[in-house]
Every structure is written in C-alpha cells, then in structure tokens.
Amino acid sequence: MNSKEMNIAELAGMVGGTVSGDAGMTVRGFAPLEAAGPGELSFLVRKSRIEELRASKASAFLVPLDIEEMPNLTLIRVKDPNLAGAIIHNAFLATPFEAKGIHPRAHVGSDCRINHEVSIGPLVVIGDRVTIGARVSIEAGVAIGDDVEIGEDTVIKANAVIAYGSLIGKRVIIHQGAVIGSDGFGFATDERGCHVKRPQVGIVRIDDEVDIGANTTIDRAAYGVTWVKSGAKIDNLVQIGHNCVIGENSILVAQVGLAGSTILGRNVVMGGKAGAKGHIHLDDRVMVAAGSGVHDDQPKGAMIGGYPAIPIRNWTKSASIFVKLPEMLSDIKRLKKDLALLQGKIDEE
Amino acid sequence: MNSKEMNIAELAGMVGGTVSGDAGMTVRGFAPLEAAGPGELSFLVRKSRIEELRASKASAFLVPLDIEEMPNLTLIRVKDPNLAGAIIHNAFLATPFEAKGIHPRAHVGSDCRINHEVSIGPLVVIGDRVTIGARVSIEAGVAIGDDVEIGEDTVIKANAVIAYGSLIGKRVIIHQGAVIGSDGFGFATDERGCHVKRPQVGIVRIDDEVDIGANTTIDRAAYGVTWVKSGAKIDNLVQIGHNCVIGENSILVAQVGLAGSTILGRNVVMGGKAGAKGHIHLDDRVMVAAGSGVHDDQPKGAMIGGYPAIPIRNWTKSASIFVKLPEMLSDIKRLKKDLALLQGKIDEE
Amino acid sequence: MNSKEMNIAELAGMVGGTVSGDAGMTVRGFAPLEAAGPGELSFLVRKSRIEELRASKASAFLVPLDIEEMPNLTLIRVKDPNLAGAIIHNAFLATPFEAKGIHPRAHVGSDCRINHEVSIGPLVVIGDRVTIGARVSIEAGVAIGDDVEIGEDTVIKANAVIAYGSLIGKRVIIHQGAVIGSDGFGFATDERGCHVKRPQVGIVRIDDEVDIGANTTIDRAAYGVTWVKSGAKIDNLVQIGHNCVIGENSILVAQVGLAGSTILGRNVVMGGKAGAKGHIHLDDRVMVAAGSGVHDDQPKGAMIGGYPAIPIRNWTKSASIFVKLPEMLSDIKRLKKDLALLQGKIDEE
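Residue numbers (this note's numbering), protein chains in the order written: chain A, -14 to 334; chain B, -14 to 334; chain C, -14 to 334.
Just chain A, with the same shape it has in the complex (with noise of 0.2 Å):
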C-alpha cells in the first residue's frame, strides 16, 4: 500500500526504543507476525509468544523490555510494543494531504470559508456560513448544516451528518452515517397524554482528536453544549444524549448509550452496550463493564458492572452465584423443613 522505507535507527528514536541487531536496516511496512514478510517490521506484545516472532518472516521486530539480545535478529526493545507499532504503523502509511478541492456535484451554500486546500467529494451538501480548515476531508453524501465550523486535517466519511451549529474540531474522525446534532429528546406532557416538544436550541461541540463511529447519534443540546471533549474516541452504534459532556480520552464502545445531560469524566471506559441514566457523573478513571446499566454518581477510578452497576468485584461474584439460586431455594426449603422437625424434637423432649 505504500512504498516508503525507514531504517531501524530513525523508527527506534520515533519511539524511544533501543536497537539490537542491524540498526542501518531498512525497513518498508509494518505488520503482525504471522503477516509480515521480508523487509517488514513486526512486534511481538508478550514474551511467552517468543515462538511465533521465531516463525515471522518479518526483518525486524519491536519487542518488550524483557527479551533479550538475540542472534542474527534486529530488534527494537521498547515499554509498550503495541503503542510503538501504532505509533510506526501511522508513521509507514502518513502520506501528504492531497487537496483534490471542491467536487463541482458537491453543493456549497452562500457566505462559507472554505480553506482552498481541502477535499471535498461529489454529492456533499454544505450549508450556508459554514467554516472548513486547512486538510479537510469529507467524502460523498455528507450532509452538513448551517454555521458548522470544521477544522484543520478532520475527515468526515461517506453519508454521516453534521447538523446546523456544530462545532468539529482538529484530526477529528468522524465515521460513516454517523449524526451530530441531531434534536435531543425532551417533551412536557399535557392533561391529555400528549408531548409537547421542548425546543432544542443548544449545539454540540466536538473537540481536537475525537473519533465518532458509523451511525453513532449525538444530540444537541436543548440549551447550551453537547460536549465530546479532546481525544474521546467513540465506537459505531452510540447514543449520547442532550447536553452530555464526555471527558478527554474516554473511550465508549460500541453500542453505548448516555441519557441526557450525564457528565463523564477523563478516561472513562465504558464497554460495549453499557449504559447510563440521565443527570449522573461518571468521575475520571470510572471503568464500566460491558452492558452493565450505571445509575448513580461514581467516584474517581470506580471499577463497576451489572444492572445496576455495583463494584465489579461483588458484580463478578454475585454473577458467579447467579447460576447456584435454585440450589439455594432448595436448601433454604430443606433447612426450614429440618429446622421445624429439630424445634418439634426439642419441644417435645
């Protein structure tokens, strides 16, 4: 996919890795063991794999801090191979923005700032003062609303939508078919049963390095801010609700969904399908196992799940006994029926 090389001295000084071996190697890609060929670098994450970094084809291999020298292989000794792999691995495949400009079957509204080095594809819908930076990229079918700002190097995939007055920042990725700025949902019943809708005139803010996944949603806010804040990465089918605010760097996988105006904090984890209810805060750190529901405030590193979460330790082990209920039922009845004969043995006596 590329044809780039580096050798083995520049790539261990871009992640401040030791080199072992043959430092003036050249390298050309970046690959998993059982993938890679000659001329790739590889990495090896755990030393009891040692036996398939031996089987890899590839010339050169990142390794932990733990393996030692080994003869006739180039190595990169590094704290943390996977983080030098992603760290390579984007270095190998960078390559220079290539502006292909304004497709003339993309449409663009009145008064916009368009950067001229931008690439914007064939069927994109750009609304009116809207505001694009330097290395933005949006492909086909993007819808994008009134008085939007994107900025520099963002790149917005095929169909997703970016609704009137949202604020996108820096290196965000937003992917396919996913909606920012969509209406939250908030209604004032009537004596009849019916809703009443309540104006949502807030926006949503997306901060510097955010990712947003497929046909994930994120609300405006009904006054005020939706907020996604920097280096939040955010997986495919997720739901934030109306003035939420997610910290930097959490992480919300798929199928997460947040109910209205819930505050995470930094490097909250929430694994696939979990959730939480409204007006509650996650503070940083706060870890929460996949589809578990969080209905309450959690402090600062709190590790929970389940429906509802409680600590994840009690969660894991009342899970554990979950299975053993009818068995308890059973010695429960037992115990009550042999406890009455005891009773009707002593009072006998």
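Don't read these hints as lab results, they were simulated from the structure.
Treat the hints loosely; a few may be bogus.
No copy is singled out in the list; a pair is fine if it fits within one copy or between any two copies.
[Claimed, not checked] When the alpha-carbon atoms are kept at most 20 Å apart in a straight line, the in silico PhoX-like pairs for lysine-lysine are as follows: (1) K302 <-> K182; (2) K32 <-> K322; (3) K321 <-> K309; (4) K318 <-> K302; (5) K302 <-> K32; (6) K302 <-> K330; (7) K155 <-> K182; (8) K64 <-> K182; (9) K(-11) <-> K155.
Predicted, not measured: the structure shown is a model, and the values here were computed from it.
Position chains B and C relative to chain A; hints supplied.
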C-alpha cells in the same frame, strides 16, 4: 435567535396562567434560570429551587401554583411550568414557513403530486407517484421511494430514508439517518439450514405528530402495516420490527428494540435500551424500566423492570439483594453445617 | 402487485408437495389466511388453527402433512408450510431484472468495470476501480468506495455505504443506511492516557446470499478480513467488530453486538440485543437468548442465556427465582435466628 416580542398577559393566556406583577411587560425570549437574561422569560419547576429564581437575570418567570406573589417580580402562575414553558418557547421560535421550493439539484420522479409550498433540499431523491403536502421540509440527501405519501408540515431531516409505499402523517419529524420501511426480518429455514427470505410486502404507516429519532429503523410489515400511531415519540437508534403497532403518545427512548408483531397501547413508556420480544401486548400506560427485556403481555398501567421484566417493585428489591448473594450462599452453607451439628447433638442425647 | 398465474400442480412440484382437490386450478397470489382472497393461495402452519383455514377466502392452501383431505378444498400437503410458502411467495413476486442503467445523476469514478445490465440510481457515488456484476441494483444515495467488488444480483438500498476495498458477493441484500467497512475500533494508549489510533488496513468480505440490515455497521479488519460467510442473515442496527467471522447461515437479530475477532460457526443464532465479547468462539448451531452477553467460548449446539451467558435451562430457572430473593434473604435471617435460639436451648440443657 429571534426578535419576536410577546407580552406577559398574552403569554399567560396561552398557557392558562395568572399574572402577578407587570402584566403589560414584553419579553423577547425564553431560557432556563441560569441562562436567561434581561428581557427574557424563564421558569421555575419546583418551589425548593426558589433561590435559583432569585439569582436569575430573567425579567419574568413561569412558576408553579404554590409560589406566592413576590414583590418586584413578574410571575405567571401555572399548574405545570415545564409544560407551559415548552408551549411558550415553541411560540417564540415559531416562524412562518418559508417555502424554498424544490432545489434544482434534487431529483424528482414521475407522476408526483408535490404541493407548491415546500422546501426540498439539494441532493434529495424522490421516487415516482410521491405525494407531498403543504409546508413539508425535506433536507439534503433524503431518499424517498415510490408511492410514498407525506402529510402537511412534516419535516424530514438530512440523509433519512423513506422506503416505497410508506405513509407519513402531518407534523411528523423524522430525524437524520432514520430508515422507514426497511424490509422486515423474516426467513423460513430449509433442511440444509439455509434461510429463504419471506417476502415483506407490507408498508409502514406513521400517523400525525410522531417524532422518529436519528438512525432509528422501522421495518415494513410482512403483510399489512407496521403502524406508529399519532403523538408517539421515538428516540435515536430504536429498532421496530415488522407488524408492530405503537400506540398513541407512546414513548420509546434511545436504543429500544421491539421484535415483530408486538403491540403497544397508548402512552406506553419504554426506557432506554429496553427490549420486547415479538407477538406480545403491552397495554396502555405500561412503563418499562431502562435496559429491561419484556417477555410477556402486560396489563394496563403495569410498571416493570428486569430481564425478564417483572413488577418494578419486585425487581428493585431483588436487584438490591443481588450484591448479597455471596453472603447468602455462605450463610446457607454455615446453616447447613450448624444444623447438622445440632442434629448430631440431639441424636446423641 | 403482480398478475402472474400459476397452477396448483406446478406450485406443488416446486415445493415437493402432494395435491388433493383441483390440481389444475390456477392461483395468482399468496397471502396469509386472514388476508388472502379468492384466486389466491394461503398456508396453514399448525393443525390446531384449522378453523382459520375454514374461515379463509383463499382458493387453495399449503397444509402440513397431518392435515387430511378436506372435501371441496384444494390442498397442497408439504412437510413445512412456512418454508413452502416462502418459496412460492418468492416465485409469485419474481420479475425479470429490469436494467435501468446508470442514472445520469450518479457519479462513477475512473477505471470501473460495471456490467451493462445494472440499475444504478440517482445520486449514487461510485469510487475508482469498482467492479459491479450483472443485475446489480444500487439505490439512491449509496456511496461506494474505491476498489469495491460487487457480485451478480446484489441489491444495495438507499444511503448505504460500502467503504473502499470491500468484497460483496452475489445475491446479497444490503439494506438502507448500513455501513460496510468502517474502521475497526483499535487504539494503543500512551503514558499520558492519550489513545493512538491503530491503523485498520484490512477489509470486509461479504459472501453470497447474505442480508445486512438497515443501519447495521460492519468494521473492516485491523489486518486481514472481517468475514460474513454465505447465507448469514443480519438484522438492523447490529454491530460487528473488526476481524469477526460470521459462519454460514448464522442469524444475528437486531441490535446484536460482537466485539472484535470473535468467530461464529455455522447456523449460530443470536437473539436481539445479545452481545459477545471479543476473541471468543461460538461453535456451530450455538443459540444465544435475546439480551444475553457471552463471555466465553461455546461448544457446538450450546443453548445459552443471561449475563454472563450460562446454559439456557440454568438461566431460566435462576431468572425465575430472582424475584424470590427478598423472601430468601428474610428466610435466611429467620433461620439464623431460629437456629441460634435452638442452639441456646440445647446448650442450656
């Protein structure tokens, strides 16, 4: 966002409220207590938050009936300030429909009947024999199939899909990326384990004043109609299977899923991520807790939760005991041991 | 919807059935008992519903083998009337492919190989080097990336996205808004807690006769292939993580979610909203109850439910006892008290 001015007496009349203070004052906007500025109306939901009202910069307030006159403040007393606020806020935001016509870069099929007073955006595709009523607004990228009917004052937002034959009522809002009329999921399996698609020849019918959330999917009926009745409000990423019926004013919060042929009565509420199996009936005013799974018919007004869902009181109690399972298990073990000891003692005697 | 006529003998032959009554009769449509009219064929699934057959206006019936001849009625006896009905209904609806060509308002990239016998709708965007087979139908607003291959007789519905490099088989149906080939969700985290995107350089491969539901998302592999094998049927709003493999004829009901690298065998069935963690293996014919969460490998034919999923029999029993937890807890308390009393009595003696 608007420069409309309305006076307090007029607004009070709109919501059946009584004024104390300056009934002739004019206000030009509506916002919550902390956000409202001079010249704006705000609202207090509960008496306990009266200090927030005192701190607010708003010029007048919707308040509940248990708030007494306050010197120097202009109040509109109403039964439900939430509801009154929604009605008034909508009044402030209401603007005459501005018909932009059919954008030259929209594509319209043959034999359509489209009211002259509509706004159909660029890159909209409309099939053949489509009927569109007055004051309908269709945003960029929407795809509408053949033989669709869309009632007056309906709004269809960017990149939504309305598949062939769907009937959409008046004052409906269909949010971005929603899919109305995808095929139902029905198969018959042959002896080799291969699945033969069962044709899905029905339609979807959406009645007046329904809201459909972003990226929500509503399947067409196998035969007949999948039917969302008037006033129902459906949030984002909801799945409604073929032949379901959603009763008037029912509310489905985000990520709810209904299997096929399930019938919901009027004013049913299903919390976020709740699910219902197919072919069951949830009668009027049933409330299902977020994250629950409903397996059985439910009588009018039932309040349920859990998986499978049981009466919410029972579920809440049992869920709170779940964390005690390890303790209960060890108690039972100890009881068995102690009882055995005791039996031994007695038998010895 | 069509004016095709077929005679009973011909239809019986198509499904291996035996006729009693008028084998020469012609019928011109297929519908369920309550909807069918004169001149149409209907079907009875179970003998117990025979009265509905008697009340039907249909002219002939598919019936199971345990239904005897009925005077004055034309019956086709088959092993599985559901399956036979699906086959016959499809036969009635089948029409020769009508190639409408490439709409002038579609956009096609360079170096594509597109069969002349296709229907590509308005506002479709097709990338470069795309291959499209005979009788493929692509609806409005679909975005297809570079280097995609699409096999014969495949249908791609409105606003779906097929990202670059995806391989789509023959007779596949991809419903509205589905996203094939979004990036997998993979990051490495640095010492500051920032997440570095791991490049997702693999593809998605969809084999023949697969159905993909509306707004479903299937992520491309990190390396290699995310693979949906032939005959698999996937419902709406399903999430499939990178490097998953879905075996032949497996069924994933709406809102199912699979984390990365999970492997499903043949004819696996996952009920609505079920989830599976990553890197596990569900062997052939595993059945997962709706709403369950699978944490471990499962052997062939396992039937499981719950969170985490356990054998369905155990889960059903335990779930039915869940409501008794408060009673069990108070029983245990009472037992402890009573036993202590008894111990006291005995010790006194």
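Evaluation of the provided hints:
| no. | hint | in the structure |
| --- | --- | --- |
| 1 | K302 <-> K182 | neither (44 Å within a copy, 34 Å between copies) |
| 2 | K32 <-> K322 | neither (57 Å within a copy, 47 Å between copies) |
| 3 | K321 <-> K309 | both (18 Å within a copy, 16 Å between copies) |
| 4 | K318 <-> K302 | between (23 Å within a copy, 16 Å between copies) |
| 5 | K302 <-> K32 | neither (31 Å within a copy, 44 Å between copies) |
| 6 | K302 <-> K330 | neither (38 Å within a copy, 34 Å between copies) |
| 7 | K155 <-> K182 | between (33 Å within a copy, 15 Å between copies) |
| 8 | K64 <-> K182 | between (54 Å within a copy, 18 Å between copies) |
| 9 | K(-11) <-> K155 | neither (26 Å within a copy, 37 Å between copies) |
In this structure, the hints that do not hold are numbers 1, 2, 5, 6 and 9, in rising order.
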